[in-house]
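Let chain A serve as the given structure and place chain B on it in line with the hints.
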Amino acid sequence: MMCNCYGLTRVTDRCTDICDSLSTYYSMRDQLMSQVTMTPLNLRYKVADVARKISSEILTQLDLITYNLKTLHSKYIVAERPGYEMLEAHPPSVKFSFPDDPRLLKEYTAGTRTVTAPRMPEMTPVPEKLVVYPVLESVMASSVMVVSVKGSYANPDYSDGSNDYHAQGYVWTLSPQFLPITYKYRYFCYLTDQGYVPVHGTYHRFQLDATPIETGICEAEVKVVQTVRKMIQLKDQYDNTLCYVFISHNKASAKFVDLEGRLPKQGSDVVTYHIDLDSVTAGGCDRVRYIYISGITYELLRGHNIFLIIMRPGDQYAFEQPLHMMLVIESFVAE
Amino acid sequence: MSGRVDVEKLKSKYYGLKSAVLRKSRHVSGRLREKGFEGGAILVPGEDDDLISELNDIYSLSVERIRIKKELEKAGVGDV
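Order-wise, the sequence lines are chains A and B.
Taking my numbering, the leading residue of the first sequence gets 14, the next gets one more, and so forth.
Taking my numbering, the leading residue of the second sequence gets 3, the next gets one more, and so forth.
In isolation and in its complexed conformation, chain A is listed as follows (with noise of 0.2 Å):
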């Protein structure tokens, strides 16, 4: 594992100390095995028994130092290299359960209404760069990363596989003065015996209460009182800003209706991830394509700007889903 401290620019020192630490239990860890390679077969079972020790000892030492740094990528921002043991430990296990794709369009139109989508293989490669940005914790404890596929930016002439586009993150929190904001979204939506459901988007007994503004189109109303807010740019290796990506991360109310009509309409607190992909250049937030939170890695529709992720706190640990999670046509600010 390479040591990468780039981004941590508030705990530059720490991280160099871990680094160097890792550094130099590898390199005990290569001598010792250069050692045991060394020594003759007929001798190697007297060094065998101590070389275990010994590698039993750095190997705890590795596991020590790299959940240290781990820690510390996670905690603060990265942009990482590619192949970070991170994702490894969380897969991407997409989410979005959209009709107009056509691999998922089968399980919809045979009305499984499943908000699991099936793996694709296809479709999950593995991400080679990572951008963390974790919400502050002060404010709100997750974390949010977005997980954009290494590709097509870089200069064919030249590329050594390090510079194909690197990243610049911002995380603020908006002042109470200017809160609390209530959003406005329209999606596409129908209508069942109970309640109008977004087309785009998970299947949920609680859902928005909506107001139809024209067929197929609905609009609700989300409130924000809290909100931790991200900007990631991507840039080439010129430094050409390609795409701007927004995450809002709210805490809100809602008004929801019960699909099953068993309980009144009634407001309820929920978390909101309103994302918007703004591309500089033509196609360039294509190459974003995952956004993780909290344990589930969401893929983001190509070609669509934004989107929106609603869960009540505790649905998504109690469902691993969350309560919805929706492609928005438009989002505006409530006159």
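For the record, the hints were derived by calculation from the structure and aren't laboratory data.
Just to be clear, a hint being listed does not mean it is correct.
Straight-line distance between alpha carbons at most 25 Å, and here's what the computed PhoX-like set of lysine-lysine pairs gives [unchecked claim]: (1) K76(B) <-> K197(A); (2) K15(B) <-> K76(B); (3) K197(A) <-> K72(B); (4) K72(B) <-> K26(B); (5) K13(B) <-> K248(A); (6) K13(B) <-> K26(B); (7) K264(A) <-> K197(A); (8) K26(B) <-> K76(B); (9) K20(B) <-> K76(B); (10) K72(B) <-> K248(A); (11) K20(B) <-> K248(A); (12) K248(A) <-> K26(B); (13) K248(A) <-> K15(B); (14) K197(A) <-> K15(B); (15) K248(A) <-> K197(A); (16) K13(B) <-> K72(B); (17) K278(A) <-> K236(A); (18) K76(B) <-> K248(A); (19) K72(B) <-> K20(B); (20) K248(A) <-> K37(B); (21) K37(B) <-> K197(A); (22) K278(A) <-> K248(A).
For each label pair, taking beta carbons as the anchor points, the in silico distance ranges come out as [what the hints assert, rightly or not]: (23) P193(A) <-> E75(B): 28 to 34 Å; (24) G48(B) <-> D206(A): 49 to 55 Å; (25) Y203(A) <-> H29(B): 44 to 50 Å; (26) S21(B) <-> S40(A): 46 to 52 Å; (27) G280(A) <-> Y17(B): 38 to 44 Å; (28) K13(B) <-> S36(A): 50 to 56 Å; (29) D26(A) <-> E10(B): 53 to 59 Å.
Cβ-to-Cβ under 8 Å is the rule here; a few derived chain A residues that face chain B [said to hold, decoys possible]: (30) G182; (31) S188; (32) F219; (33) Y257.
Remember, predicted model here, so these are calculated numbers, not experimental data.
Ideal placement from N, C-alpha and C gives every residue a C-beta, glycine not left out.
What follows is chain B alone, placed relative to chain A:
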């Protein structure tokens, strides 16, 4: 004819916003570099209010740009 004019107006607004977003974000990056931050930063209310205000502006401009892009797409202009 008026439809054409509207599209041109929208395009002009779209590019104006794009330029404003890029200009402002370059400015923010420069300011952060001056403060010793490279790659990114968690901004602290009270300490970084000026930068937070600029970032909020960038966010608003971007949201408006996304909205106009959608209008342009509706009008059949998809290559902005």
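| Hint numbers contradicted by this structure | 8, 15, 18, 21, 22 and 32
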